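Line order of the protein sequences matches chains A and B. Heads up, the first sequence is in the working numbering, so the first residue is 1 and it goes up one at a time. Heads up, the second sequence is in the working numbering, so the first residue is 408 and it goes up one at a time.
These are calculated hints, taken from the structure and not from any lab test. Just so we're clear, the structure is a prediction, and the values are computed from it rather than from any experiment. The reader is advised that the hints may include incorrect statements.
To be verified - From chain B, some residues computed to sit far from chain A (all C-beta separations above 12 angstroms):
#1 Val535
#2 Lys623
#3 Ile836
Said to hold, decoys possible - Okay, derived cross-link-like pairs now, PhoX-like style, lysine-lysine, Cα gap no bigger than 25 angstroms in a straight line:
#4 B:Lys797 x A:Lys364
#5 B:Lys797 x B:Lys548
#6 B:Lys690 x B:Lys481
#7 A:Lys355 x B:Lys623
#8 B:Lys797 x B:Lys690
#9 B:Lys482 x B:Lys690
Virtual Cβ for every residue (Gly too), placed ideally from N, Cα, C.
Listed below are the residues making up each chain.
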Amino acid sequence: MRSRREFLATTAHLGVGALLAGALPGVTFAAAPGGRPFVVVILRGALDGLSAVPPFGDPDYAAARGAIAIGRPGDAHGALDLDGFFGLHPSLPLLHERWHAGELLVVHATASAYRERSHFDGQNVLENGGDRPSGSASGWLNRTLGALAGRGVDGLALGQNVPLILRGPVPVGSWAPSRLPEVEPELITRLRDLYSDDTTLSARLDEATRMEALADGEAPAAGAMAGGSEAARPYGGGRLKAIAETAGRMIAAPDGPRIAVLDATGWDTHAGEGGAQGQLAARLGGLDQVLDALRRGLGAEWPRTAVLVCTEFGRTVEVNGTRGTDHGTGAAAFLLGGAVHGGRVLADWPGLGAKQRYEGRDLKPTTDLRALTKAIALEHLGVSARALPDIFPASELVRPARDVVRA
Amino acid sequence: MIVPITTQSAIAANRFGFGARPGEIAAIGRDPRGWLLAQIKTRYRAPGELAGLTSSTVILASFLAARAARAAQKKAAAQDAAEDTGKDPGKALVNGVRELLLPHYVAQAAARTRIVLGADASFRERLVHFWSNHFAVSIDKPICLGIAGALENEAIRPRIDGNFADLLLAVESHPAMIGYLDNQRSLGPNSELGMRVARRRAAAAQAGDDTAVPGKVGLNENLAREILELHTLGVDGGYSQADVTTFAAVLTGWSIGGGAGRYAQGEPGAFVFRSGLHEPGAKTLLGRRYAEDGMEQGRAVLRDLATRPATARHLATKLARHFVADEPPAALVDRLAHAYGANDGHLPAVYAALVNWDGAWREEPRKFKQPYEFVYSSMRALEAAPREPKALLAPFEALGQRHWNPGSPAGWPDRQADWDGADALMQRIEWSVALAGRVGDSHSAVGAADAALGGLATRHTRSALENADSGSQALALLLMSPEFQRR
Numbered sequence: 001m002r003s004r005r006e007f008l009a010t011t012a013h014l015g016v017g018a019l020l021a022g023a024l025p026g027v028t029f030a031a032a033p034g035g036r037p038f039v040v041v042i043l044r045g046a047l048d049g050l051s052a053v054p055p056f057g058d059p060d061y062a063a064a065r066g067a068i069a070i071g072r073p074g075d076a077h078g079a080l081d082l083d084g085f086f087g088l089h090p091s092l093p094l095l096h097e098r099w100h101a102g103e104l105l106v107v108h109a110t111a112s113a114y115r116e117r118s119h120f121d122g123q124n125v126l127e128n129g130g131d132r133p134s135g136s137a138s139g140w141l142n143r144t145l146g147a148l149a150g151r152g153v154d155g156l157a158l159g160q161n162v163p164l165i166l167r168g169p170v171p172v173g174s175w176a177p178s179r180l181p182e183v184e185p186e187l188i189t190r191l192r193d194l195y196s197d198d199t200t201l202s203a204r205l206d207e208a209t210r211m212e213a214l215a216d217g218e219a220p221a222a223g224a225m226a227g228g229s230e231a232a233r234p235y236g237g238g239r240l241k242a243i244a245e246t247a248g249r250m251i252a253a254p255d256g257p258r259i260a261v262l263d264a265t266g267w268d269t270h271a272g273e274g275g276a277q278g279q280l281a282a283r284l285g286g287l288d289q290v291l292d293a294l295r296r297g298l299g300a301e302w303p304r305t306a307v308l309v310c311t312e313f314g315r316t317v318e319v320n321g322t323r324g325t326d327h328g329t330g331a332a333a334f335l336l337g338g339a340v341h342g343g344r345v346l347a348d349w350p351g352l353g354a355k356q357r358y359e360g361r362d363l364k365p366t367t368d369l370r371a372l373t374k375a376i377a378l379e380h381l382g383v384s385a386r387a388l389p390d391i392f393p394a395s396e397l398v399r400p401a402r403d404v405v406r407a
Numbered sequence: 408m409i410v411p412i413t414t415q416s417a418i419a420a421n422r423f424g425f426g427a428r429p430g431e432i433a434a435i436g437r438d439p440r441g442w443l444l445a446q447i448k449t450r451y452r453a454p455g456e457l458a459g460l461t462s463s464t465v466i467l468a469s470f471l472a473a474r475a476a477r478a479a480q481k482k483a484a485a486q487d488a489a490e491d492t493g494k495d496p497g498k499a500l501v502n503g504v505r506e507l508l509l510p511h512y513v514a515q516a517a518a519r520t521r522i523v524l525g526a527d528a529s530f531r532e533r534l535v536h537f538w539s540n541h542f543a544v545s546i547d548k549p550i551c552l553g554i555a556g557a558l559e560n561e562a563i564r565p566r567i568d569g570n571f572a573d574l575l576l577a578v579e580s581h582p583a584m585i586g587y588l589d590n591q592r593s594l595g596p597n598s599e600l601g602m603r604v605a606r607r608r609a610a611a612a613q614a615g616d617d618t619a620v621p622g623k624v625g626l627n628e629n630l631a632r633e634i635l636e637l638h639t640l641g642v643d644g645g646y647s648q649a650d651v652t653t654f655a656a657v658l659t660g661w662s663i664g665g666g667a668g669r670y671a672q673g674e675p676g677a678f679v680f681r682s683g684l685h686e687p688g689a690k691t692l693l694g695r696r697y698a699e700d701g702m703e704q705g706r707a708v709l710r711d712l713a714t715r716p717a718t719a720r721h722l723a724t725k726l727a728r729h730f731v732a733d734e735p736p737a738a739l740v741d742r743l744a745h746a747y748g749a750n751d752g753h754l755p756a757v758y759a760a761l762v763n764w765d766g767a768w769r770e771e772p773r774k775f776k777q778p779y780e781f782v783y784s785s786m787r788a789l790e791a792a793p794r795e796p797k798a799l800l801a802p803f804e805a806l807g808q809r810h811w812n813p814g815s816p817a818g819w820p821d822r823q824a825d826w827d828g829a830d831a832l833m834q835r836i837e838w839s840v841a842l843a844g845r846v847g848d849s850h851s852a853v854g855a856a857d858a859a860l861g862g863l864a865t866r867h868t869r870s871a872l873e874n875a876d877s878g879s880q881a882l883a884l885l886l887m888s889p890e891f892q893r894r
């Protein structure tokens, strides 16, 4: 039996780069031509931005947050200082290193166009790029891929299936490590024939074989995957970290997809959220590791990379009755990477006093997240300004931020 | 176009049920609609596979006891910090709690799978899964790991053929839902306990003793919001943030029994109404006033929510989407919502309206199978299932749909785009090969195609099966054929 890799070498639609990447595991390529890498990490469940990026300098912060407030820099388990007013949660030391390297742009008091408090509608708006939950069946990143057609930029979902942000007319791949044995290439050929009248399944099959070829050269041995045989453990930080590192290498391969999306769930901290330690702290520590694994995987491509970390909305300013926080509005987001003009906090800080809040309870959003995503599309990905109204509809009044990446 | 009756039988088994077992299409005979409707007219009897499962009360009580023991041990360890060995005693106990719960999860999930694989009435089983997903809890929350299946077996399974209001009341007062959406400690600011805490806070503040200030307590709006958004009215159902907050106050006191000292109340692990946590007073929700009536106040709100037209429409849309098409035909949604309203939420009337709608019987399949549907129908078609529970459950995990683990209270999504990723397809191929390999080469794939798909198998697929290299390769091709991937 031929291996999948050899089989793929005979298929016509593959570029030479992917073949090399597959044939020479572990070889690091010099910076590849083509588009700059861009990765979106979606934190589903609504990250508490006031804990991830505590505004310790705000006079109302400590009182509003009570038992879950993060201490000031220098306190035991205190915040990691950013600019004397904002800090990072103490579970984000690796991200703090990116700050010192000038590679981390922090955005605070930000929100999509969505102003209600449903996770699912909120995620829809975040991903479809418009102003309504049901505004569009395609994602803004897929429309971005459309605007970049012909420039060698492909999309990849890091998971078995494709999230809304990447769905749309441009075909994208998906990849996740498999614990099942590979199948004989001959069966793939037969399935290709069986799917010849089925446009969806044949397109998926082509994408799948292409991504497997990339991953074959890049995936760690199965034993390196966290998870093992346990039947009930959710895909935790360990597995996500392994996916992130492999994904970084896939993206960095000469023919690799340049745009990828990674989902991380579990941020809906209604009860027992914890402060410097506890439930959210553990999640953030995992995220810190995942982002660093992605950086290591990208290797020589990191200086050309931007990674957006975002969530559907923020959480209430006040702690609720069960030592957690309920659904809010204004959130925090990160843009990190070697290409990012970092070391800055982008925030028009509204304050945390009762009268300064949105509807008396949430952090007031003062920066439209699309100002950031538009800037990424323009500056980092090189999308033409004319394409923006299609990618981000109904947002004429949202002006792109400036200088979010280095020239 | 008139669909031949044998093809309609195949549609009954595959679109409405969990896939035909050998001989099933023939057994359905000439009355596929009657075959489906009979399944929901039968009086409920608990399937034999559920015998021997432990009740949610017992499982949850042991979980709460283990957690309390862990907390006590951690506290003791903190006091002994001077002789710290560097080990985290909490960690061993976390693992201990998991080991306590995991066997219950495995037993419940294996029982669920075996019920489906052996079911003659697989339309009924599909409805159980539908409602279980409508009222989703997820095992990534520790409190749910041992009792997610119990929610389905205790609250949902016996009530899918009654009134929606009864189903709703049973689910919202089940400890799995209370715990999943954090209601057990939600507390009214003016409740007995809320006032006591406020007095102690004030006293401590007056004494200037920061260390004696008790923690803040109050409402948690998670359960109230998700009942409105997901379980009843739907996200566009016309409620406001004020309705969410008021409903959360209505639901204060809906809790779980147990606790220590003065907080001990009710049977440990069972639902209990803790009047000391309940926010007193009349409350106005969605324009209706509800007098103070303890737990009855919440029950009254739930019963009213069940009668709202927005609820009828929300449920009708989800049912139509599940059985007919991702974007369900408006005529069908109207029809189901009307059946719901005209019959006071009596669910069998809604199912009958669905089954009797001609548009649901179009030959062309419009639903792409979710992983669990694909696994069930494959195992049913080939009559192949591992006996050992972990092996039986492994494919659900590998294909991305572990039982009761959607990761969100919205449940698993029900549209093709959520499931037809390229990598997902490759994992299905890999699993099909493995299953077909276990069945072996002696099984006739063409015969299996006739038995599973009847007239739905295309000429293209039949010829691919006939030309395959081996019997097991042909079976894998059958499972991965376009018509077997859809329903």
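Each hint tested on the structure:
no. : hint                : verdict
1   : Val535              : 21 angstroms, holds
2   : Lys623              : 6 angstroms, violated
3   : Ile836              : 6 angstroms, violated
4   : B:Lys797 x A:Lys364 : 48 angstroms, violated
5   : B:Lys797 x B:Lys548 : 21 angstroms, holds
6   : B:Lys690 x B:Lys481 : 42 angstroms, violated
7   : A:Lys355 x B:Lys623 : 21 angstroms, holds
8   : B:Lys797 x B:Lys690 : 49 angstroms, violated
9   : B:Lys482 x B:Lys690 : 41 angstroms, violated
Of the hints listed earlier, those the structure fails to meet are numbers 2, 3, 4, 6, 8, 9, in rising order.
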